[in-house]
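Protein chains in written order, with the numbering used here: chain A, 4 to 401; chain B, 11 to 401.
Mixed in with the good hints, there may be bad ones.
From chain B, some residues computed to sit far from chain A (all C-beta separations above 10 Å) [unchecked claim]:
| id | residue |
| --- | --- |
| 1 | Leu75 |
| 2 | Ile211 |
| 3 | Met229 |
| 4 | Leu234 |
| 5 | Gly237 |
| 6 | Lys267 |
| 7 | Arg288 |
| 8 | Lys311 |
| 9 | Phe312 |
| 10 | Val319 |
| 11 | Thr340 |
| 12 | Gly366 |
| 13 | Gly369 |
Stretch by stretch, here's where chain B covers chain A in the computed footprint (C-beta under 8 Å, at least three residues) [as the list claims (entries may be wrong)]:
| id | segment |
| --- | --- |
| 14 | 312 to 320 |
| 15 | 348 to 354 |
Because the hints were derived from the structure by calculation, they are not lab data. By construction, the Cβ of each residue, glycine as well, lies at the ideal position given by its N, Cα and C atoms.
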Amino acid sequence: MSTRKFSVFSLMVAASMTLALCGSAGAAGKSIKIATQSPLSGDQSVIGVDIKRGAELALEQLSGPLEALGIKAELAPFDDQANPDTGVANAKRIVSDPAILAIVGHYNSGVQIPSSEVYHSSGLVNISPANTNPKVTTRGYLEVNRIVGRDDVQGVVGADFAKSKGVKTVFVVHDKTAYGQGIAEFFKKKAAENGMKVLGFEGTEEKANFDALLSPVVAGNPDLVYFGGMAFQAAVLFKQARERGYEGMFLSDDGFDSSDAAKIGGGTLIAGGGTYYSTVSGPASVYPGTAKFLKDFQAKYNATPQPFAAQAYDCMAISLKAIENAAKAHGNKVPTRKAVAEAVRALKDFKGITGTFTFNKIGDPEKALYFVIQVESADPSKWSENKIVKTLEIAPPQ
Amino acid sequence: MIRFLKRINVYELVRPVGQMVLFSLGSAAFMSAIAISLALALDGTAVGASLMDKYNVSLYTYTMLNLPQVIIDGLTIGFVYAAIALGYTMVYGVLEFINFAHSEIFAVGAFVGVELLIALDGMGILAGASLGMAYAYLILAIILGMMAAGGLAVAVERVAYRPLRGASRLVPLISAIGVSFLLQDVIRLVESLTSGQFNRIMPTFGNFDSRIVFGKIAMGTSKLTLGISVKSIIVIGSAVLMLVGLNYLVNATRVGKAIRAVAQDRPTASLMGINVNRIISLTFLVGGLLGGAAGVLYALKFTRIDPFVGFFPGLKAFTAAVLGGIGNMTGALLGGIVLGMLETFAGSYMGVFTMGAAGSEYKDIFAFSILILVLIFRPQGLMGKHVMQKA
Numbered sequence: 004m005s006t007r008k009f010s011v012f013s014l015m016v017a018a019s020m021t022l023a024l025c026g027s028a029g030a031a032g033k034s035i036k037i038a039t040q041s042p043l044s045g046d047q048s049v050i051g052v053d054i055k056r057g058a059e060l061a062l063e064q065l066s067g068p069l070e071a072l073g074i075k076a077e078l079a080p081f082d083d084q085a086n087p088d089t090g091v092a093n094a095k096r097i098v099s100d101p102a103i104l105a106i107v108g109h110y111n112s113g114v115q116i117p118s119s120e121v122y123h124s125s126g127l128v129n130i131s132p133a134n135t136n137p138k139v140t141t142r143g144y145l146e147v148n149r150i151v152g153r154d155d156v157q158g159v160v161g162a163d164f165a166k167s168k169g170v171k172t173v174f175v176v177h178d179k180t181a182y183g184q185g186i187a188e189f190f191k192k193k194a195a196e197n198g199m200k201v202l203g204f205e206g207t208e209e210k211a212n213f214d215a216l217l218s219p220v221v222a223g224n225p226d227l228v229y230f231g232g233m234a235f236q237a238a239v240l241f242k243q244a245r246e247r248g249y250e251g252m253f254l255s256d257d258g259f260d261s262s263d264a265a266k267i268g269g270g271t272l273i274a275g276g277g278t279y280y281s282t283v284s285g286p287a288s289v290y291p292g293t294a295k296f297l298k299d300f301q302a303k304y305n306a307t308p309q310p311f312a313a314q315a316y317d318c319m320a321i322s323l324k325a326i327e328n329a330a331k332a333h334g335n336k337v338p339t340r341k342a343v344a345e346a347v348r349a350l351k352d353f354k355g356i357t358g359t360f361t362f363n364k365i366g367d368p369e370k371a372l373y374f375v376i377q378v379e380s381a382d383p384s385k386w387s388e389n390k391i392v393k394t395l396e397i398a399p400p401q
Numbered sequence: 011m012i013r014f015l016k017r018i019n020v021y022e023l024v025r026p027v028g029q030m031v032l033f034s035l036g037s038a039a040f041m042s043a044i045a046i047s048l049a050l051a052l053d054g055t056a057v058g059a060s061l062m063d064k065y066n067v068s069l070y071t072y073t074m075l076n077l078p079q080v081i082i083d084g085l086t087i088g089f090v091y092a093a094i095a096l097g098y099t100m101v102y103g104v105l106e107f108i109n110f111a112h113s114e115i116f117a118v119g120a121f122v123g124v125e126l127l128i129a130l131d132g133m134g135i136l137a138g139a140s141l142g143m144a145y146a147y148l149i150l151a152i153i154l155g156m157m158a159a160g161g162l163a164v165a166v167e168r169v170a171y172r173p174l175r176g177a178s179r180l181v182p183l184i185s186a187i188g189v190s191f192l193l194q195d196v197i198r199l200v201e202s203l204t205s206g207q208f209n210r211i212m213p214t215f216g217n218f219d220s221r222i223v224f225g226k227i228a229m230g231t232s233k234l235t236l237g238i239s240v241k242s243i244i245v246i247g248s249a250v251l252m253l254v255g256l257n258y259l260v261n262a263t264r265v266g267k268a269i270r271a272v273a274q275d276r277p278t279a280s281l282m283g284i285n286v287n288r289i290i291s292l293t294f295l296v297g298g299l300l301g302g303a304a305g306v307l308y309a310l311k312f313t314r315i316d317p318f319v320g321f322f323p324g325l326k327a328f329t330a331a332v333l334g335g336i337g338n339m340t341g342a343l344l345g346g347i348v349l350g351m352l353e354t355f356a357g358s359y360m361g362v363f364t365m366g367a368a369g370s371e372y373k374d375i376f377a378f379s380i381l382i383l384v385l386i387f388r389p390q391g392l393m394g395k396h397v398m399q400k401a
């Protein structure tokens, strides 16, 4: 009995000491969490892990102002496995943790859309570094924001670029996901308007054997093959198309922006008409503000950041700034989730490393950058040196 | 030497090659006839007009000009299916149970082979390898994949099936499904721990990616290149070698006689002094060896593998085995070739024949509908019951 009393007593002492320690750092020991959701395992983990790392780096570097208010911010990384079911299950765990005040996340629109329904139902703010499907914001949720462009614009950028290259015929393939099919449909529509002949429009979930699909593609010998979807499928498709003697041009979307593409496709991406992809996120080095980020990222993780890592950094920065503003408005207390969501929308001209952000009333950035990039080297380690052939700044459609 | 040569049963070497040629030509001719008659029927309709608008050729010309390439593609995947299907059918012939873990044994073979090549590539050996050495490394990878898969198949039989041999027929089936899931996740675990990434990519080396071009055919405004990639030839060639070897083993050797005896009547075979357990292990070993080799060949042909890579080829090979008549080796060969052809024909032509409404994404529905039809009218499969002996 006495030992038990003693242990309770010692626990209390330890707790009060911890409080005192925190107290010395700020006003009182209040801690909050900011979650990330991205694929940390599986085919798309190359990108997903760096989204987490970008957010982690931002939290380390930029949580100073919050700590001055006595609020300690921690990172809570979740693995959505690029799978909608997993994303939603994680989302339920996230909203049930009252300490989580914001979520940076999702690489895949197909995962973000159902997961954000959960965030919306409990008023938790979500800032997306990579989701481009229009539906992400067109639902008009106060909680959902993104700092990148949209597929309905990205498809148009791709089709306009194809026109500028003198493309007359095109074969469109997509991966049957909300993201890939969506972008492919916008591309197809604009391509037809631009006077291109669309020889075919096919969806496929195949990952390995594209022989049958390629028969009508190669037979039509189009000037361009467009793929709406992810690199791990697109690169295999492109490689097999080249092996079957197709010599035209390939064009894909920001899902193609992964060094895995070079690992799979190798020299076949450079041969013939070459390979291009449109994206809402250039290599981190094209943004004027990223020099320090690149250096710090390299120092901390000993790797060059994959696409969207810098965007994740900015999403985290926006979350931290919004929480800080909301806390200040609430007398330096931990703000409510609703207050944070409103604070995100209230930000004006927030200076991040990839741009200056003001959100419109549905959560799109008022101006977004779009790039068309050409694959320059078959060497995966040189992926981030790919050449930007076109840059556009376009406002989202209303 | 001459006595040794005399003992070789030439008939059993020629017969399977003859069968393969016959099945390939037969299914190619049959499928082509269907495709051509469909094309002729649809040429005058809106389908023909839409194709004319896009490709500037009539549907009939389009179908004819694409035929050779489609047949080559169909044969390549067909032989891969046949090599896997033999693993299912051998085990069924001997034990009358379906080894659903065979698809993962295939995947393990693929992973072992690809990991070896990735390791060699990492050491910089592959990049500078001469053509002969490139082939030597590929053969080494195939052999290693075969050994790993064969050993695993034997171990799975010993651990998960043999203790259940007396139980009712459903019990080992459930055990097989369990082993299948277990192996998938073991591959995932091992790959995640060692490489941090469980989708692996076959390194590019040798001349496997290059293409032998037979010629160009003008079609409308575009030109068709007719050719076959080196790796397709390797896949077909190795599959033919393995199938001939297996046929010889089963039909022309003492061991093969023992396998057939066990398949016909296990208790009687054991009374005749055949070690039944050893023969069953041997059956699994042979099935695993074939599956492992097919795995490495699959990775070579299609570049990218993941822990679930076995699922679809396994399912299709099982279908091929059933289509041909499960338990019958010739049937598995026929089923594999027919299924590969069906799938490739459907995938290549359906989009054009339906004006893009049902493209190659529906190829599996088409292939499996044929399976259902065959099973309704011939429940024993195409070759079932024709041949008296099994295995």
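* 10 Å Cβ clearance of Lys311 of chain B from chain A -> 8 Å, violated
* Asked: Do three or more residues from the segment 312 to 320 of chain A put their C-beta atoms closer than 8 Å to C-beta atoms of chain B?
  -> Contact hint for the segment 312 to 320 of chain A vs chain B: violated, 0 residues under 8 Å.
* Asked: For Met229 of chain B, is the shortest beta carbon distance to chain A beyond 10 Å?
  -> 7 Å, violated
* Whether Lys267 of chain B stays farther than 10 Å from all C-beta atoms of chain A, as the label says -> Correct as stated: the minimum Cβ-Cβ distance to chain A is 38 Å, above 10 Å.
* Distance rule for Leu75 of chain B, whose beta carbon must clear each one in chain A by more than 10 Å -> Answer for Leu75 of chain B: violated, closest chain A Cβ roughly 7 Å.
* Within 8 Å of chain B (C-beta), three or more residues of the segment 348 to 354 of chain A -> violated (count 0)
* To do: Report holds if the minimum CB distance from Gly366 of chain B to chain A is greater than 10 Å, and violated otherwise.
  => Non-interface label fails for Gly366 of chain B: nearest chain A Cβ at 6 Å, not farther than 10 Å.
* Asked: Would you say Arg288 of chain B is clear of chain A, with no C-beta pair closer than or equal to 10 Å?
  -> 37 Å, holds
* Is it the case that Gly237 of chain B keeps its Cβ farther than 10 Å from each residue Cβ in chain A? -> 6 Å, violated
* To do: Say whether it holds or is violated: Ile211 of chain B keeps its Cβ farther than 10 Å from all Cβ of chain A.
  => Ile211 of chain B not clear of chain A: closest Cβ-Cβ about 5 Å, inside 10 Å.
* Minimum Cβ-Cβ distance from Val319 of chain B to chain A exceeds 10 Å -> 7 Å, violated
* 10 Å cut-off, C-beta based - Thr340 of chain B kept clear of every residue in chain A -> 25 Å, holds
Hint compliance for this structure: hints 1, 2, 3, 4, 5, 8, 9, 10, 12, 13, 14, 15 are broken, all remaining hints hold.
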